[in-house]
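Chain by chain, the residues run as shown.
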Amino acid sequence: MRANCGLVERNDEELVAAVCRGDTASFEALVRKYQPRIFATARRYARRESEVEDIVQEVFIKAYQKLDTFRGDAPFEHWLMRLAVRTCYDFLRVHQRNREHAFSELSEPEQDWLERFVQDPDRAPEDAEAARALVKRLLDMLSPKARLVITLLEIEERPVKEIAALTGWSVSLVKVRAFRARAEMRKCLKKLQREQYL
Amino acid sequence: MNLAKLQEKLLAAARLDRPSDAVPYAFEQRIMARLSRVAQESADLWTVWSRLLWRAAAPCLGLTVVLVGLAALSGALQGTPLTLGEGLETTVYAVLTEPAD
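The listed protein sequences derive, respectively, from chains A and B.
Take any residue in the first sequence, note its place counting from 1, add 238, and you have its number in the numbering used here.
Take any residue in the second sequence, note its place counting from 1, add 12, and you have its number in the numbering used here.
Simulated from the structure, these hints should not be mistaken for lab results.
Keep in mind that this is a model prediction, so the values were computed, not measured.
Using 16 Å as the maximum straight-line C-alpha spacing, the simulated EDC-like pairs for lysine to aspartate or glutamate come out as follows:
(1) A/K425 with B/E20
(2) A/K429 with A/D378
(3) A/K425 with A/D378
(4) A/K374 with B/E20
(5) B/K17 with A/E364
(6) A/K428 with B/E20
(7) A/K374 with B/D29
(8) B/K17 with A/D358
(9) A/K271 with B/E40
(10) A/K271 with A/D250
(11) A/K300 with B/E40
(12) A/K374 with A/E364
(13) B/K17 with A/E353
(14) A/K383 with A/D328
(15) A/K271 with A/E315
(16) A/K413 with A/E400
(17) A/K271 with A/E251
(18) A/K300 with A/E266
(19) B/K17 with A/E392
(20) A/K271 with B/D33
Between beta-carbon pairs, the in silico distance windows are:
(21) A/H333 with B/Q52: 23 to 33 Å
(22) A/C258 with B/E101: 51 to 61 Å
(23) B/A51 with A/E400: 30 to 40 Å
(24) A/A421 with B/E53: 44 to 54 Å
(25) A/R285 with B/Y37: 20 to 30 Å
(26) B/A34 with A/R354: 25 to 35 Å
(27) B/A51 with A/G406: 21 to 31 Å
(28) B/P36 with A/E251: 25 to 35 Å
(29) B/V80 with A/G310: 55 to 65 Å
(30) B/T59 with A/P347: 56 to 66 Å
(31) B/A34 with A/K413: 33 to 43 Å
(32) B/Y37 with A/R432: 42 to 52 Å
(33) B/Y37 with A/R361: 35 to 45 Å
(34) A/G310 with B/A51: 22 to 32 Å
Heads up, the beta-carbon is just placed ideally off N, CA and C, and yes, glycines get one too.
Assemble the whole structure, with the sequences as input and the hints as a guide.
Laid out in structure tokens, this is it:
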């Protein structure tokens with residue numbers, strides 16, 4: 239990768255070592271390289287752009303402060319992603335708003351999409367804006383643990399072992415939490431069914 | 013309503029909805045500015061803390077001198093054993109000697 243001066247190519251480990259030696263400017267190259275990935279990750283958990291920016295900023299500040307704990311056993315990218323996922327999880331725990339948000343406030347396109355699904359499940363398109371809005375609503379209703387595990391396992395389709403590494407949970411704990419998260423999701427959908435169709 | 017199918021559909025919709033990786037303009041510069049501020053703040057904290065310690069040292073020393081002076085004047089230090097051995101002996105035998113007094 240190109241260092242901030244644009245003349246010498248330095249890899250992540252070299253940049254990390256330079257930052258640890260006190261060359262703060264080298265950290266900018268790391269930020270520039272990884273910020274798109276961190277932004278994409280943060281956008282999975284936060285809706286408002288200001289919240290996304292706060293998360294990304296926190297991830298990089300934590301990374302800078304904890305850089306001396308990076309041992310280099312795994313790639314820097316993995317270490318940074320672990321930090322990002324944990325920061326997003328902390329964000330979810332602090333901002334547990336909308337969890338009691340009822341499905342009774344569905345927009346008209348969302349209601350239409352559901353109507354279409356009830357009539358013929360195969361006719362309701364998955365790529366519709368209404369379906370995306372509905373799933374965001376559903377994810378907002380989940381507990382932070384459930385949301386995190388559903389996002390990593392079902393939406394990003396990561397293997398259980400990788401989720402364990404990212405979250406710091408054991409493999410069996412990830413499996414248990416995934417099972418509970420699916421049940422929680424089903425419970426939210428039952429609520430939707432009760433509110434809309436009973 | 014088939015809830016399992018609905019769950020499957022909604023998760024499929026979420027999979028298709030890939031979040032953007034767009035970065036606001038000059039965001040890395042914002043991070044670097046924030047980092048220098050954080051470093052400065054933490055340095056400032058140490059400076060404030062050390063200044064407070066130095067300021068507290070003089071009154072503490074003064075108070076110690078005053079207390080020692082007062083103790084000497086009131087005679088509290090009189091009869092203090094001269095050696096550590098004597099002091100220990102006095103303390104250990106204090107309980108035994110008290111009833112006799």
